Each structure stands twice: as structure tokens, then as C-alpha cells.
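A.B. asks: Just so you know, the sequences run in chain order S and E.
Just so we're aligned: the first sequence equals residues 1 to 259 in our numbering.
Just so we're aligned: the second sequence equals residues 260 to 662 in our numbering.
Don't take every hint at face value.
Listed next, the in silico EDC-like pairs over lysine to aspartate or glutamate satisfying Cα-Cα at most 20 Å (straight line) [what the hints assert, rightly or not]:
1. E/K433 <-> S/E158
2. S/K187 <-> E/D277
3. E/K628 <-> E/E409
4. S/K90 <-> S/E131
5. E/K433 <-> S/D74
6. E/K639 <-> E/D518
7. E/K603 <-> E/E528
8. E/K628 <-> E/E651
9. S/K176 <-> S/E159
10. S/K176 <-> E/D545
11. S/K165 <-> E/D545
12. S/K212 <-> S/E84
13. E/K522 <-> E/D598
14. E/K650 <-> E/E588
15. S/K187 <-> E/D416
16. S/K176 <-> E/E409
17. S/K187 <-> E/E409
18. E/K280 <-> S/D134
19. E/K433 <-> E/E444
20. S/K212 <-> S/D152
21. E/K585 <-> E/E556
22. S/K187 <-> S/E172
23. S/K176 <-> E/E556
Just so you know, the hints here were simulated from the structure itself, not pulled from any lab data.
Bear in mind that the values here come from a model prediction, so they are computed numbers and not experimental data.
One-letter residues, chain by chain:
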Amino acid sequence: MTEPQEHFIELAGTRLHYFTGGQGTPLVVLHSVEGNLGWRSHLEQLAQHYTVYAPTLPGFGRSERPLWLESFADLTRYTLWLVEALGLHKTALLGHGIGGWLAAEMAVVSPQLVERLILVDAAGVRPHQGEITDIFLHGHDASRRMAFFAPDKAPAYEEFFSGRKLPLEEREINVKNQETAIRYCWKPYMHDPVLPFLLPRVQAPTLIVWGKEDQIVPLECGSLYQQGLKNSRLAVIEQCGHYPQFEKTDEFIRLVREQ
Amino acid sequence: MFLMRFTERAYVAYSAEDVKKSFRSAVRLTFPNSHFNPALGADMYNEYLDEYEYSDAIGFDGLMLNEHHNTPTCMGATMNIEAAILARTTKKAKIVLLGNPLPIFDNPIRLAEELAEIDMISRGRLVSGFVRGTGVESWATNTNPVHNRERFQEAHDLVIKTWTTPGPFRWEGKHYHFRVVNPFERPLQQPHPPIWIPGVGSPETIVWCAQHHYPYVYLETDPQVTLDLMNLYASAAREVGYEPGPQNFGYLVRVHVQDTDAKAYEVGEGFLVGNAGVGRLPLPGDFMAPPGYNSREATKHLIEQYRHSARPDPLYGGVDAAGWDKVVESNRVIIGNPDTVVKKLRQVLTALRPGILGIWTNDGTISHKDTMRCLQLMDKEVLPALRDMGKELNLPGPFEQAP
Chain S
1 MTEPQEHFIE LAGTRLHYFT GGQGTPLVVL HSVEGNLGWR SHLEQLAQHY TVYAPTLPGF
61 GRSERPLWLE SFADLTRYTL WLVEALGLHK TALLGHGIGG WLAAEMAVVS PQLVERLILV
121 DAAGVRPHQG EITDIFLHGH DASRRMAFFA PDKAPAYEEF FSGRKLPLEE REINVKNQET
181 AIRYCWKPYM HDPVLPFLLP RVQAPTLIVW GKEDQIVPLE CGSLYQQGLK NSRLAVIEQC
241 GHYPQFEKTD EFIRLVREQ
Chain E
260 MFLMRFTERA YVAYSAEDVK KSFRSAVRLT FPNSHFNPAL GADMYNEYLD EYEYSDAIGF
320 DGLMLNEHHN TPTCMGATMN IEAAILARTT KKAKIVLLGN PLPIFDNPIR LAEELAEIDM
380 ISRGRLVSGF VRGTGVESWA TNTNPVHNRE RFQEAHDLVI KTWTTPGPFR WEGKHYHFRV
440 VNPFERPLQQ PHPPIWIPGV GSPETIVWCA QHHYPYVYLE TDPQVTLDLM NLYASAAREV
500 GYEPGPQNFG YLVRVHVQDT DAKAYEVGEG FLVGNAGVGR LPLPGDFMAP PGYNSREATK
560 HLIEQYRHSA RPDPLYGGVD AAGWDKVVES NRVIIGNPDT VVKKLRQVLT ALRPGILGIW
620 TNDGTISHKD TMRCLQLMDK EVLPALRDMG KELNLPGPFE QAP
């Protein structure tokens, strides 16, 4: 049974939205700056093997934000609380972009929680060469296009990010998501200077997946994660940008399954 | 009526092509500073100060300064420096800072100290305005735009407390933390220098001003929109128990005078490349207002305001379509010989009834020489007429009647 269900959970007086579906051991999937795009093909495929939990992080989409939640450190602690509130005491974490950064921070703070870690084109560590692209400065449209190796050939780009006219509700959610990303990731931009020093605390088997042509978070960041995480391997996907789950879905699923 | 003189101190020695080549073709924030020539800048800063000193000598009530960052459209990157110079070199005019962008200050105590020094050196002539700054100020100083309004309010409260509460005291806020607030030098004006707030219509700011009895200075806003916003201020003022008058309102407008209408028409067009920059390319919207900079309510209000005006602002991207004649006809830029200008200003003053009139005499490619001629003509023929008009129309300024 992989039919997804939508739920809301109240945590510290705040209402949070999440999807769940599938069967098997738990897998928590953490989204990036674009917010929770719903029960998409890659989640459907993962749900054939795992019980997938896909929360909408606080301040994004249909999830509220506690007024005191301002920083990435706050987000880390609050999301750990959420996972516990979902009844999960040991789980796999899969995070993309800032969701990958969040998964790494959670693993560093509560290593006993993490059965497996999967980081996909994750922000969080600053490259030694170059920089993580400033998506805020480039603007929403340009940075979304830049995030794909071949945007014109990617149905997901057309569906989620192209310049098509969105209904008012979706436009408002888009603005809310951008505001929330800026709130958490403005400074230091998209990284935690301390995180590389704490990564060795994580013992869980870790898969690091990277689109070779990621123009948002450079591949070097994947190597830095690999160096910091003792029990990790880095898998690089050719002809792929920042969104392997959309641009190379089959290969992405295969890598996650093989781990 | 309080008459203050303003220029944004534009730098225009670059081309539209240069702007097109900059990141996102923006004249602000990312326009490379390699286009700035410090030798020319040295001349210009001194000429701009000369103009302000002359404005004091001919009897303007106020010298208005502003501040922007990372832009050739305003050389006042640290306005308090210019204010400190004018505090010493001028004699009578108030030094009106509209205003210091509070959210970008990580240390508002230092700002309180700077302003207190300006107030003392000028012997009590400081008017201390505060602004949120445009989004560009947030980008340029890496201040998180989602905290803009919170930091504005907290920094304001801290500066006021610093000026009015005997130190030492401790401040533990959300954005600011100081263990010993006790700057030794306090402002000359007691309890503190007057505070005026300039802006282009953020409804939360207007309501906040009304609640604090702070005059709100509308910066070159569309006249009809300005009237709507004045009503918003008045409603908020009545809710806290007072009836606002002209002393609560200011209006800034571009005014350029020459000996003949024809000459003013020709020279005045130089305004168009001041505030919007050479080439007048529209700025990326998220540079001026990054996500989170404005509340949802303010964003909706601005959209309504834009819809109400039924046209783009003629001084920005729409200017080429609207044309210089339309700009002049709509009284958004007032130009002419002294008689023409006085007649046009009567229309503006009658319609809007501000107690503070900001006279933006020059910008863009208007030369120092033409500016000085403009000021000379204002001295003899425009300022006296405006003073009479202020009395005739009963438009008291904030120093004649408490706001």
C-alpha cells in the first residue's frame, strides 16, 4: 500500500503539515527551499520500500512557524522534536538542499536517532573553492533554472519552476517559502561554519548523492561531506544538476535502494 | 510652513551601457564601483556641500539629507558625515536627516552618539529622521530583510531610551543586547531631537508614525495616493486621541527654477537620470523589496496603490512611455520661471496641505552652475512667495505647532 495520506500535527502550539505513505522501515524526507512539492514520483517509488514521512518544514507551505523559530539551529532542534512526535526513535533521514543540511545537523545533534543518512546536493558546508550560489541575489526564476542541468528537458522544471502563471494560492505559498528560506539561511549564507568539525560524530552509514553539474551547491561540498562523515560514500550522477530526484529519478532511486 | 532643500547627490559619470552590463542590469547594489572616479567625487561632495551652505544663507528652514548604499544615485552613503560638516559650517537651518536606516545598524548606541554630537555641534538644529531603508540597504549590509521592521522598531526604542533615560542601563532585546548603555554625551535638544519619518507609503509605518506623533514626509508620491495615505495617518491619529494638521505632514517634490520656462524645461529634464540612474533601467523588484522585507499587508497595499494610480511611476521604468511632458504636466516635477513655479506649487499646497515642503532642487545631470542659479532665483522670488502662501493657506510646520 503506497497510497499517501496528508496529516497535520500540532507541536508546541504550532500546526505542521506532512505526507506519509508506503510500508517498511521509516524514511523521513526533508525538502529544500522550494518547500514540499507534494507526493511526487520519487516519493511514490521510495514508498514501495519504506514508510515515507515527508513533512513540510515550519514556515513553508501549509505549515505554520512558531514565532520564536528564527535560525537554522532552531529549525534543527524543532525538527528533531517533530520526528520524535511522529513516534520515530530510529529512522533513516533523506534531505535535499537545505533539507540535506538539516539532516546533517540533526545527525550531529542526535546521532542515536539516525539509522541511515542520505544527503542529496546538500547545503551546509562551505566549499574551499568557489561559493554556494547566492540564489537570493540571483532571484527566484534565474536560480531555479540554474538548478537544472537541462531545464528544457526536465518535466519537473516546467511543472514547478518555469514562468507559468500560478494560481494565487500557489503564488502566495511561493512567496512564503522564499521568505522562510531567507529567514533561516541568510547569514551565514547556506552554511554552518561549525558543522564540518562536528560531522565525525556521525557513525550512521551515509550516502551522499550529487548532480555532477550542480550549479547551486558545488560538487566539492559533496566531497567535504564525504571527508567529514566516516561511514559515507559519494555517488555522482552525470548530466544532472541540483535536483537528482527530478532530473535523474531512476538513478536516484537505485542509489538509495542500493545503499 | 517649513521649507527644506534637498538633493540626492547623484553621480552620473557612467553610461546606460555600463548599467546594462552589470549583474541583473541594476544601477543599485551590483553596479560596479569601478565606474566611480574619486577625483570627480571629491569635487562633487564639495559642490554639494557648497549648495547646502548657500541654501542656509538664503533662508531655507531646513537642509534635508538622505542615505543610500551601493548606488551612484545617491552619494550620501554615510549621511551623518555630511550632517556633521553642515552642523559646523551653517548657521540657522535645521539639519534634517531623512533618514538614518535603523535596521542596518548593528550598534544603534553608536548612532545615538553620532546624532547627539551633531545636535550639540549645530547647537540644537538636528531633526533626526529614521527609515527602514530600501531592500538594497538590506542587501548591501547583509541585514536579513525579514527582520527589517523588527529591527527598525527595536533600534528606534533603544535610541530614544538612550537619549531620554539616565544611564547606565542594560538592554536585552531580540536583536540588540548591551550590558552598559551609558553614552556620556547627550543631545542638546531635550528630551531628544525631533523625529520625522519619510517614506513612500508603507501603511504600518504611517500608522506607527501617527501613534508616535511623528510627522510623516511623503517622498514624491503620486498626489492622489498621498491624500489616501494622509487619511490613513489621520484615522490612526484619531484612534489615539488627536486631530492631525499640516504640521503632521510633509511632501517632497522636485522643483527647479530658471530665468525662463524654456530654460527650466531643458535643464529640469536632468532630474530623470538622478533617482532612477542613467539609462533609467527598472531595478529588479527583489533588490528593492526582497522576500520578507514587506509584510503581506503592505505588499497588497502597494499593489492596490499601483493599481489606483493606473500607470507605472513616470520617473522609473515608465518614463520613456510617459514622456517628459507628462511628468511635467502631472506636477511630479515642477519647473519653470519663478512665477510659473509659484503658481504650480500653489496647486500642490492647496491639494495636499503639508506643513513641511521638501524642495528637491536638482539631481541627475543638472549642473552645479544651474543649481546655484536655481537657488538664487528661489532666494529672491520663490521662498518669500511660499512663506506668504503658507500663512494664507494656514499651513503651520512642526516648529510652529506641535505635531
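A.B. asks: Compare the structure with each hint and give your call.
C.D. replies: Right, here's what the structure says about each hint:
| no. | hint | in the structure |
| --- | --- | --- |
| 1 | E/K433 <-> S/E158 | violated, 41 Å |
| 2 | S/K187 <-> E/D277 | violated, 30 Å |
| 3 | E/K628 <-> E/E409 | violated, 44 Å |
| 4 | S/K90 <-> S/E131 | violated, 34 Å |
| 5 | E/K433 <-> S/D74 | holds, 15 Å |
| 6 | E/K639 <-> E/D518 | holds, 12 Å |
| 7 | E/K603 <-> E/E528 | holds, 17 Å |
| 8 | E/K628 <-> E/E651 | violated, 33 Å |
| 9 | S/K176 <-> S/E159 | holds, 19 Å |
| 10 | S/K176 <-> E/D545 | holds, 14 Å |
| 11 | S/K165 <-> E/D545 | holds, 18 Å |
| 12 | S/K212 <-> S/E84 | violated, 34 Å |
| 13 | E/K522 <-> E/D598 | holds, 14 Å |
| 14 | E/K650 <-> E/E588 | violated, 27 Å |
| 15 | S/K187 <-> E/D416 | violated, 25 Å |
| 16 | S/K176 <-> E/E409 | holds, 18 Å |
| 17 | S/K187 <-> E/E409 | holds, 17 Å |
| 18 | E/K280 <-> S/D134 | holds, 19 Å |
| 19 | E/K433 <-> E/E444 | violated, 26 Å |
| 20 | S/K212 <-> S/D152 | holds, 18 Å |
| 21 | E/K585 <-> E/E556 | violated, 31 Å |
| 22 | S/K187 <-> S/E172 | violated, 24 Å |
| 23 | S/K176 <-> E/E556 | holds, 13 Å |
This entry does not satisfy hints 1, 2, 3, 4, 8, 12, 14, 15, 19, 21, 22, going by the numbered hints stated previously.
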